[in-house]
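Enquirer: Sequence:
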Amino acid sequence: MRGLRYEGQPVPVYHEDLPVPVSGPEESLIRIGLAGICNTDREVLKGYRPDFRGIMGHEFTGVVEQSSDPAWIGKRVVGELNAGCGACVYCRTGREKHCLDRRVIGMDGKDGCFGEYMTLATHLLHEIPEGLPDEEAVFTEPLAAALEIPKQVHIDPDQEIAVIGDGRLAYLTASVLHLTGASMTIVGKHEEKLEAFRDFGKVTVKPSGSFELVIEATGSPTGLTTAMELVRKQGTIVLKSTYAGKTAVDMSFFAVNEVTLTGSRCGPFEPALNLLKKRLVKLPQIELYDLKDFEKAFASRAFKAGFRIG
Numbered sequence: 000m001r002g003l004r005y006e007g008q009p010v011p012v013y014h015e016d017l018p019v020p021v022s023g024p025e026e027s028l029i030r031i032g033l034a035g036i037c038n039t040d041r042e043v044l045k046g047y048r049p050d051f052r053g054i055m056g057h058e059f060t061g062v063v064e065q066s067s068d069p070a071w072i073g074k075r076v077v078g079e080l081n082a083g084c085g086a087c088v089y090c091r092t093g094r095e096k097h098c099l100d101r102r103v104i105g106m107d108g109k110d111g112c113f114g115e116y117m118t119l120a121t122h123l124l125h126e127i128p129e130g131l132p133d134e135e136a137v138f139t140e141p142l143a144a145a146l147e148i149p150k151q152v153h154i155d156p157d158q159e160i161a162v163i164g165d166g167r168l169a170y171l172t173a174s175v176l177h178l179t180g181a182s183m184t185i186v187g188k189h190e191e192k193l194e195a196f197r198d199f200g201k202v203t204v205k206p207s208g209s210f211e212l213v214i215e216a217t218g219s220p221t222g223l224t225t226a227m228e229l230v231r232k233q234g235t236i237v238l239k240s241t242y243a244g245k246t247a248v249d250m251s252f253f254a255v256n257e258v259t260l261t262g263s264r265c266g267p268f269e270p271a272l273n274l275l276k277k278r279l280v281k282l283p284q285i286e287l288y289d290l291k292d293f294e295k296a297f298a299s300r301a302f303k304a305g306f307r308i309g
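Going by numbering that gives the first Met the number 0, the sequence shown opens with residue 0, and the numbers climb by one from there.
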């Protein structure tokens, strides 16, 4: 089969002769339809997951062709990233994404979706609602990540919120949080990108003032510094960015100013699918490429790029 593998180089390697994966006893075999490129995929190429070798990608739509549960066969699906052991304290308490022995598709111990087929634990599948096109359903995973924020942090509609970033995750975060009615300011570096955010609140490249809640969604190490400059004393910063490398932070800032720093990752898929089905969130258009044109896809300046595979 065709696929894009990370093999340690700063660019993926395109193959046309990869073996079709064989599903395990509790897994399903999925024929991939669309696959989205995430900023995390770009960070993998920079060494974010230095030990990973395999097919990249974790945002997808597909059709189940084989399954440990025959009821899934033929269904159009999206799927979660993290497959845990099923027995540890994290798996037993609903925190599978933190399992110490977890495998993460396209990043850690498990081939991802930048190929014609992928296997995934059957319990991680979610059916795409009828009528929801793949071009929108492919946003389920990043939208779920945005929904993790109100799951972790109480959003007071009277709060003043800042979202730092003008990329895809920041856009979906703003899409979710503006539904609360809270006053929101989106802080970015590119005025042309910020135009897409105007329906959600105030946009600026030169932030001023302070905010009770600051969402850092830049995908850059400098984003946390900006968040620290904007958050009020006893306020909260939610950190969404993941990237290769490390950043130095003065931790006394958080103690002295009693600022809460909350890390935030993957989120709930079913609520994301509900929002998509009800058309309650705005979506940027995805720019789709063939797998063999991966260089163009990764270099794309579009709001969202990905692959049409199946």
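For the record, the hints were derived by calculation from the structure and aren't laboratory data.
Keep in mind it's a predicted model, so treat the numbers as computed, not measured.
A hint or two may mislead.
[Stated by the list, open to error] Each computed DSBU-like pair below joins lysine-lysine, with the alpha-carbon atoms no more than 35 Å apart:
1. Lys-74 x Lys-96
2. Lys-245 x Lys-232
3. Lys-188 x Lys-245
4. Lys-74 x Lys-188
5. Lys-232 x Lys-295
6. Lys-188 x Lys-201
7. Lys-281 x Lys-74
8. Lys-232 x Lys-201
9. Lys-281 x Lys-188
Enquirer: Quick check: which numbered hints come out false for this structure?
Expert: 4 and 5
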